[in-house]
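Engineer: Chains A and B supply the protein sequences, listed in that same order.
If you're matching positions, the first sequence starts at 1 in this note's numbering and goes up one per residue.
If you're matching positions, the second sequence starts at 1 in this note's numbering and goes up one per residue.
It should be emphasised that the hints constitute simulated quantities derived from the structure, not laboratory data.
Each hint should be verified, as a subset may be incorrect.
[Said to hold, decoys possible] Here are the computed distance ranges between Cβ atoms for each label pair:
| id | chain 1 | residue 1 | chain 2 | residue 2 | range |
| --- | --- | --- | --- | --- | --- |
| 1 | A | Ala158 | B | Glu116 | 40 to 50 Å |
| 2 | B | Arg119 | A | Asn181 | 48 to 58 Å |
| 3 | A | Glu30 | B | Ala143 | 44 to 54 Å |
| 4 | B | Asn54 | A | Ala185 | 29 to 39 Å |
| 5 | B | Ala142 | A | Pro80 | 16 to 26 Å |
| 6 | B | Gly21 | A | Asp141 | 26 to 36 Å |
| 7 | B | Asn54 | A | Thr164 | 34 to 44 Å |
| 8 | A | Ser172 | B | Ala143 | 54 to 64 Å |
| 9 | A | Ser172 | B | Glu174 | 25 to 35 Å |
By construction, the Cβ of each residue, glycine as well, lies at the ideal position given by its N, Cα and C atoms.
If you want the building blocks of each chain, they are given just below.
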Amino acid sequence: MNGNDMAEIHALSGAYAADAVDDVERADFERHLAKCADCHALVESFRATALELSVLTQATPPERLREQVLRDISTVRPVPPSASRQAGHAAEPGSRTSRRSRARRRRNRWLAAAAAVVVLGAGGALAVIQPWKSTSQVQTDVAGQVQQAPDAQRYQQALSGGGTITVVRSKSVGRAVLVTNNLGAPPSGQTYQMWLQAAGGNFVSAGLVPPGPNQTVLLEGDAATAQGAGVSVEPSGGSPQPTATPIALFAFT
Amino acid sequence: MTVAPAAALFASSQTGPPADGVERNRQWRSRMLVMAELRAVPSGDESPAGTDPNARLASLLRQSSWGDEGAFALLYDAVAPRLFGLVLRVVRDPAQSEEVTQEAFLEIWRTSTRFEPDRGSALGWMMTIAHRKAVDRVRSAAAAGRRDHGYHEANHDVDYDSTAEAAQASLEAERVRKALQTLTPAQRNALELAFFGGYTHTEVAAMLDLPLGTAKTRIRDGLIRLRHTLGLGS
Numbered sequence: 001m002n003g004n005d006m007a008e009i010h011a012l013s014g015a016y017a018a019d020a021v022d023d024v025e026r027a028d029f030e031r032h033l034a035k036c037a038d039c040h041a042l043v044e045s046f047r048a049t050a051l052e053l054s055v056l057t058q059a060t061p062p063e064r065l066r067e068q069v070l071r072d073i074s075t076v077r078p079v080p081p082s083a084s085r086q087a088g089h090a091a092e093p094g095s096r097t098s099r100r101s102r103a104r105r106r107r108n109r110w111l112a113a114a115a116a117v118v119v120l121g122a123g124g125a126l127a128v129i130q131p132w133k134s135t136s137q138v139q140t141d142v143a144g145q146v147q148q149a150p151d152a153q154r155y156q157q158a159l160s161g162g163g164t165i166t167v168v169r170s171k172s173v174g175r176a177v178l179v180t181n182n183l184g185a186p187p188s189g190q191t192y193q194m195w196l197q198a199a200g201g202n203f204v205s206a207g208l209v210p211p212g213p214n215q216t217v218l219l220e221g222d223a224a225t226a227q228g229a230g231v232s233v234e235p236s237g238g239s240p241q242p243t244a245t246p247i248a249l250f251a252f253t
Numbered sequence: 001m002t003v004a005p006a007a008a009l010f011a012s013s014q015t016g017p018p019a020d021g022v023e024r025n026r027q028w029r030s031r032m033l034v035m036a037e038l039r040a041v042p043s044g045d046e047s048p049a050g051t052d053p054n055a056r057l058a059s060l061l062r063q064s065s066w067g068d069e070g071a072f073a074l075l076y077d078a079v080a081p082r083l084f085g086l087v088l089r090v091v092r093d094p095a096q097s098e099e100v101t102q103e104a105f106l107e108i109w110r111t112s113t114r115f116e117p118d119r120g121s122a123l124g125w126m127m128t129i130a131h132r133k134a135v136d137r138v139r140s141a142a143a144a145g146r147r148d149h150g151y152h153e154a155n156h157d158v159d160y161d162s163t164a165e166a167a168q169a170s171l172e173a174e175r176v177r178k179a180l181q182t183l184t185p186a187q188r189n190a191l192e193l194a195f196f197g198g199y200t201h202t203e204v205a206a207m208l209d210l211p212l213g214t215a216k217t218r219i220r221d222g223l224i225r226l227r228h229t230l231g232l233g234s
């Protein structure tokens with residue numbers, strides 16, 4: 001590329017930033033952009049400048065657009081990071097976590113289902129995970145760890161029918177504990193079910209609250225990435241998704 | 001340890017019409033969003049992202065890239081008027097503008113993993129996607145022979161929205177309008193036709209009776225002056 005061509009392509013930086021180039025020019029310029037750091041910085045600053053013009057044109061879209069957009073995204077997952085980015089930021093949490101949390105979410109459903117089964121059997125024969133400790137013993141130990149963790153966060157809510165529900169979450173332990181105080185018995189044929197709001201926003205079962213007014217129970221599922229927790233009254237045995245309005249809802253911070 | 005205030009808001013139980021699990025899950029999620037917003041408004045001290053709007057957008061975008069639809073809903077609420085307004089200005093037809101904005105948001109969600117905060121602002125990144133899509137739309141419409149408006153129409157301002165941000169927005173708008181006045185009329189015309197009209201610099205040159213190759217220089221010079229006046233770096 002001679003000097004003239006170079007000056008020519010540099011002159012295109014403004015038009016490129018304003019999207020005022022045709023497809024051929026765009027492709028040419030982007031090839032140049034990939035190797036010219038000066039142009040890159042220039043284009044970024046031009047772009048930021050041009051975009052300032054959009055404060056002149058703000059307009060509130062109709063509400064249906066929001067609904068459509070949110071419906072759209074629930075059917076598509078974000079693409080993986082580009083190969084160059086993965087190579088450049090191998091240690092960065094972004095790319096890894098997204099994959100890990102997806103795997104975790106899949107696992108959660110199973111864990112949650114398993115928890116429901118285990119807790120259902122509470123008082124009877126519990127499945128023994130470790131030969132030297134019963135499941136309930138393991139749960140109690142972890143529940144203690146959560147409550148004593150230096151980073152434990154406590155969320156409390158009073159219920160309209162009396163009693164309180166407290167959720168304690170420790171990111172470092174990665175689990176949450178639910179503590180009931182004077183909780184009224186659920187209507188017959190029904191049970192209190194716990195939910196964790198997964199990173200994706202969905203509430204996933206975190207197990208059932210054992211009968212009794214004062215209980216301390218470990219929520220099944222990854223509480224480190226959860227955005228919140230909730231409790232609802234569900235048919236005995238629990239539901240795969242909440243079917244009732246929450247009696248308590250906690251947003252993790 | 002923090003103790004969150006009891007929320008009487010959610011004390012009722014078993015009310016409302018029956019809903020299936022998926023629908024109910026949606027309702028729970030929107031309640032959580034309301035709670036998140038209530039929490040974000042009064043305190044504002046939870047994270048540095050709460051104070052810097054750009055950092056907040058970058059953080060919401062990042063959470064979205066992990067599949068967090070709730071974060072994306074907040075992101076939508078924060079930027080939709082900017083994106084939709086710009087698209088509407090370029091595309092003009094409200095129904096098509098909605099379509100284009102919808103496509104832009106889906107693209108933002110899909111490629112949120114590829115946003116790199118050290119290479120530009122989150123808002124800029126999202127606006128670029130929306131602007132590019134708007135320009136593509138008017139150009140393909142032009143190619144299909146459906147584009148019939150001229151330069152004069154392109155000079156109308158879209159009405160401002162009347163939301164709570166309108167006052168702040170109008171301050172910002174005033175600043176940008178003043179900055180635009182520091183451009184020569186030739187620079188301003190070229191820049192507006194390019195950015196709001198979606199015309200290529202070659203088309204702009206033809207529309208303004210300029211020698212070929214002059215319009216791109218005017219666009220660039222206009223941006224340089226605007227950048228300086230708005231204090232956006234050298």
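Engineer: Could you run down the list of hints and mark each one as holding or not?
Structural biologist: Here's how the hints hold up against the structure:
1. A:Ala158 with B:Glu116: 40 to 50 Å: holds, 45 Å
2. B:Arg119 with A:Asn181: 48 to 58 Å: Holds, at about 51 Å.
3. A:Glu30 with B:Ala143: 44 to 54 Å: Violated, since Glu30 of chain A and Ala143 of chain B (Cβ atoms, about 21 Å apart) do not stay within the stated range.
4. B:Asn54 with A:Ala185: 29 to 39 Å: Given about 51 Å between the Cβ atoms, the range is violated.
5. B:Ala142 with A:Pro80: 16 to 26 Å: violated, 35 Å
6. B:Gly21 with A:Asp141: 26 to 36 Å: holds, 33 Å
7. B:Asn54 with A:Thr164: 34 to 44 Å: holds, 39 Å
8. A:Ser172 with B:Ala143: 54 to 64 Å: holds, 58 Å
9. A:Ser172 with B:Glu174: 25 to 35 Å: violated, 49 Å
Of the numbered hints stated above, those contradicted by the structure are hints 3, 4, 5, 9, listed in ascending order.
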